[in-house]
Amino acid sequence: MRSQVVMMRWFVVRGVAPGAGWGFVIVGFLAPLLLWCAVSYVPWLWHPDILVESPGGSQTFAAGMRVPVAAFAAENAALAAAGSAPATGQAVNPVFLPAPHAVAVAFVTAFTTPPRRTGDPWLHESLLHSCALIAQGFGLAILVGVPLGILCGAYAGMSRLIEPFTDFLRYLPAPAFGALAVAIFGISDGPKISIIVLATVLPTILVIANTTRSLDKALIDAAATLGASNRQVLLRVVLPGIAPAVWNDLRILLGAAWTTLIVAELIGQMSGISFFINQQGKYRNYDFVFVGIIAIGLVGLLTDQILAAIGRLLFPWKRTS
Amino acid sequence: MRSEPPFDPIARAARIAARPVVLEARGLGKTYPGAKGRVPALSGIDLAIRRREFVTVVGPSGSGKSTLARILAGLDEHDSGEVLVDGHPVRGPGRDRGMVFQAYSLFPWLTVMGNVMTGPRFAGNGRDAARSIALQYLELVGLEHLADRWPHQLSGGQRQRVAIARALANEPRVLLMDEPFGALDPHTRATLQGNLIDLWFNIPITIIFITHDLDEAVLLADRIVVLGGPDADHAGGWLRETITVPLPVPRTPDVVLSPEFRAVRERLDSLIHPAEPPRPRERIPVYRLAAAGDDVR
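If you read the protein sequences in the order shown, they are chains A and B. Just so you know, we're using our numbering here: the first sequence kicks off at 448 and counts up by one. Just so you know, we're using our numbering here: the second sequence kicks off at 46 and counts up by one.
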């Protein structure tokens, strides 16, 4: 009987929000981290390569080389048959999967030591540049997309005029316009911002139009019987009525903006966090590659949480039970 | 000591009939698009509601009670006949016809005060003027102490009183109420019925009140409009009968014990729930009762 009650409490669809779910949040973050630790630190779990420490009598190996376990064994068998000293080495993971501690060290290093090549941006400079691109691109998309979406949701004519064509455009991948954008806006930030705008403004229009249409019609009826003009219905009922839902929509669309950003930054002159990740990849500094990827995730998580908190301040009338 | 003269329902009906007509429906009809052409929802509705009259509208489901209210409010289109307010035809909703909905429909982003201020604000009043009007009507429904609450913090009965105050703050010619107490528990409903009777008796309002509760219809009304559902002669709702309630106002709940009340109530019953042949009771085999293991005797 008690388990039944507990089940109902956690089954959010039934309308009971779990009050304290922090344990689950922590497990949600910890589980993948523990898996990563296990794969990195427990030798028999994976470790398909051997990091050669001394080549022994081998002519083909050198200290610091990574060779597959099978090749290492074959070479040692050949060396033993020839009577030479065997090569020694340690079982390791491939270079593209650094251990957690290495990434943690790289995280600190990336913020404290200057980039290897003078003139290359620091990690925080790369991140800031990416954030600036998002702010400009997504900001423009909001300025255009939200009003258009609201108009589409409020007026049938606007909806027919804009939505079908937007739906068509939406299926064209924005980065496909990269060459065109470079031709129009040059090679610096212009084409990147335009790609972000193009990729986010279309879903913004469609999502906001739907949100506008989903406003409780009874509220519009009530306003009409209170003598509201169409203008007053739009400005004093529709806008405040959909504002919290629009705020949440924008939080989700911001994620889409980040997705596009990574591709957009590769267009023209590479820049921002994508440049950082690519550059580190070229140096085979995969610990720094991980740092770049995790930094994006942290920035995204942080901004989303800040926006959620601002939303709670902006819309105190939303039931929070 | 002088005793009260006995109540004369005919004289009262004559006094009401002498008042000017506030809201009139002439040959009102509405059709819905259906699979095979247009399906009538309402036809041939003629009504004349006089100043300060309290009219309730009852009818079986499918008789178009709510549709009628929405047409009178201007929220639904009608395709024949016309609606007149003070003799002038109206199309679409307007502040002359206030409406109270079953689902309250308060604006959740406004406080109680903000909600009641809405009508006066729409009409172009400044914030201070609207606030003083709103306060007056909040006091009328006894909720001035909840002025700063959000709607979601109120009980159903409180919400509906705010909705009534909000509609009245516009000083409408007619207040339309579409099953306003339908979602409330019986106790709250009885309280709000009493409040509404007081309100109607003390301020000059004309009310059209849709309900499916026949006791409520008799308790509140000067006049009951009975709509008929679809039958052999009518595809949709139609105006079946109008009954004048021969009881003095304002009424108290004990009026339900009076013979006049019972008579009207029985008349409504016979119109809305026509006697059906009693259905033979299903016989449950004895072995199933035995299997259940309980003996109610």
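Calculated directly from the structure, the hints in this document are not laboratory data. Beta carbons: idealized from backbone N, C-alpha and C, even for Gly. Incorrect hints may appear among the rest.
Unchecked claim - Stretch by stretch, here's where chain B covers chain A in the computed footprint (C-beta under 8 Å, at least three residues):
no., region
1, 662 to 673
2, 685 to 692
Said to hold, decoys possible - If the Cβ cut is set under 10 Å, some of the chain B residues that face chain A in the computed set are:
no., residue
3, 53
4, 55
5, 107
Quick rundown of the hints versus the structure:
1. Counting residues of the region 662 to 673 of chain A whose CB lies closer than 8 Å to any CB of chain B gives 9, which reaches the minimum of 3, so the coverage claim holds.
2. Interface restraint, the region 685 to 692 of chain A with chain B: holds (3 residues with C-beta to C-beta distance below 8 Å; minimum three).
3. Taken as an interface hint, residue 53 of chain B does not check out: its beta carbon lies about 37 Å from the nearest beta carbon of chain A, beyond 10 Å.
4. The criterion of a C-beta within 10 Å of any C-beta in chain A is not met by residue 55 of chain B, whose closest approach is roughly 35 Å, and the hint is violated.
5. Interface restraint check for residue 107 of chain B: the shortest CB-CB distance to chain A comes to about 21 Å, outside 10 Å, so the restraint is violated.
Comparing the model with each numbered hint stated earlier shows that hints 3, 4 and 5 do not hold.
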